[in-house]
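Based on the sequences and whatever the hints tell you, model everything.
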Amino acid sequence: MKLEIKDLHVEVEDKEVIKGITLTINEGEFHVLMGPNGSGKTTLSRAILGHTKMKIKSGDILVDGESILKMSTDKRAKLGLFLQFQQPIEVEGLGLLNFLNTAKASLQGNLSFKEFMEEINESTKKLHIKEDIVGRSLNYGFSGGEKKKIEVLQMELLKPKIAILDEPDSGLDVDAVRTVAENVNEFQSKTNAGILLITHYSRILNYMKPKYVHVMVDGKIVQEGGKELADKIEKEGYKF
Amino acid sequence: MPFETKELYKKYTLNLQVPAQREGAASNGELDSLRKQIINESRLRFDLVNGANGFESKSEFVKVINKKPGKKQEGAETNAPEEKLGDYITKTSGNTVAVEIPDKKEVKLNLLMLCDNVNLPLEIVIDVGKDAKLNVFEWFGSTTTEGAIIAPFHVIKVGERSDVEVNILHNENSKTTVGSLNKANVEEKASLRFNVIYNGGGLTRTTTFAEAAGKESNLLVNEIVFGHAEQKFDVNTFLLNSNEFTKAMLRSGAVLRGKSYCILKGYAKVARNTRGSYSNVEEKGLVMDPDSRIQPLPDMSIDCKDVAFASHSASTAPVDKEALFYLMSRGIDETKAKRIFVASFISKYLADIENDIVKEVAISILLDKLDNDRHSQVPRISMQNLWIVPSERAKK
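One line per chain: the protein sequences are A and B, in this order. Per this note's numbering, residue 9 is the first one in the first sequence, and the count goes up by one each step. Per this note's numbering, residue 9 is the first one in the second sequence, and the count goes up by one each step.
By construction, these hints were calculated from the structure, which means they are not laboratory data. There may be inaccurate statements among the hints.
Straight-line C-alpha distance at most 20 Å; calculated SDA-like pairs for lysine to any residue [said to hold, decoys possible]:
id	chain 1	residue 1	chain 2	residue 2
1	B	Lys-344	A	Leu-166
2	A	Lys-167	B	Asp-341
3	B	Lys-346	A	Tyr-148
Just so you have them, the derived chain B footprint on chain A, three or more residues with Cβ under 8 Å [to be verified]:
id	segment
4	96-102
5	109-120
Beta carbons are placed, not taken as given, at the ideal position from N, Cα and C, and that holds for glycine.
Shown next as structure tokens:
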């Protein structure tokens, strides 16, 4: 699978936030998108998944050469795109297990309950999530760390071809950052998924090996390079 | 009570009309088929049923007291609510259903009460002794083609240390008016969960007075309203903490579609000398369509200085677009995502119900309404798509 973003301009509430982004992510590639607060990273990720508030003014988003701009969010997910939310929503009354089962069935058809639970149990174990969490409402009353880990669990369960991870490290303690990073690494090596990881800090990158680092400031990509670019930002900040 | 006396609230009242009874109005012959359908689909054994031949009790704990033939009613307006409605029911009800649970007994009952073209005013007295446990499910339905009123008047007494759950489902057709009056009194260390699902009827006006009267008594009134088309609901609920260390909670949730309209008036009073008491009124609305309207009016009066907790709140919102985006980003289409959202909203209220069959029936009927934009039907009863998780409140 190949995700191409071509000269994309996006407005949110009549304000241009993305000002001409071009980026290509192939299956198996590991990209990092860094940038200061308000640079448009989250807007970009939501535009890729088709959030209706993100108005595409010009440019295109293509999957395997076909524009997906007219596709609804669920259809984009069915193509193999996944967004890990920076702030996952809470839905009281919606059982997490039922939600995961519905999502899995929507994307990959029904699994037997036994197979489904085996996948869930494997992920909860690797992510050090308490088992009883799956009996609770979706993200309702979860700690920040639990929410982030449940996002990673969803990625593992739904097996996307390209996953966009929006600040999977924010609000996590050092051990949790390492756990999340290890899970993402393992997921990628097992599935050969493409990864676009969005972050402010290079801390999580201590446990990962991204091939490409892009720096976004004020809606534009201002610099690109390898992992050494992330190290430079860690030392010098976003002085471009 | 404030909603009846305060000028501010008077405009938020729906007039309740008692339909005039046509001369010689009688069963339209459809009651029996509706009863059979409900029994077949729910697989429930009903301890009380009514049909063309009147009420029939199959339980030693349910007595039908035949008072006199129901007085023929002219069309009337019972706008000034509970007294007139109470009078109407008392004077015209041909039967009283008396549920008597002796001390230390544990009983589960299912009551089916149906109405055709004949108005059905009905007194239902539930008298539970000490240290007893009762779980009641009351199912109201109708086959009215010419317009009729279903008007149950509950008088509930929960004896010391007893545990009672009363579950009421209103699933009448749109030509039916629902006018109900409920009075409940909970004695020392006893608990009452009064769960009402308002799904049917063209116009519903209901008034509930519930008192946590005995020391350390516990009262939960849980109301779910699901309106569509042009259904109208005026739901008035009054809670009273009148003793020390009592707990009284009102949770009202309304899902509205089409041009439906709902007024939720919840009032809690914490009386003097009720130290350590807990009182909470919470009203929530989910508005699905631009023409749906909801008016939540929570109110509270605290006359005690050292309550443990007292709070009232209201919130209404359309379906959360961020939540929809989240669900859709997991491959769930918009229609299904909205369905999940509604089911989750309803499940918050169903979670506090102990009786599993009530949850099954309620979610099946409510989701059938959501899927097919119809009500008063009896769909296949199933737990499928029931998103219930243990209530966070129950855990507390």
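Against the structure, the hints:
1. Under the criterion of a C-alpha separation no larger than 20 Å, the hint pairing Lys-344/B with Leu-166/A is consistent with the structure, at around 18 Å.
2. For the hint pairing Lys-167/A with Asp-341/B, the CA-to-CA distance comes to about 18 Å; that is within 20 Å, so the pair holds.
3. Note on Lys-346/B and Tyr-148/A: the hinted pairing holds, with a Cα-Cα distance of about 18 Å set against a maximum of 20 Å.
4. Only residues whose C-beta sits within less than 8 Å of a C-beta in chain B count toward coverage, and the segment 96-102 of chain A has 6 of them, enough to reach three; the restraint holds.
5. Check result for the segment 109-120 of chain A against chain B: holds, 4 residues qualifying (beta carbon to beta carbon below 8 Å, three or more required).
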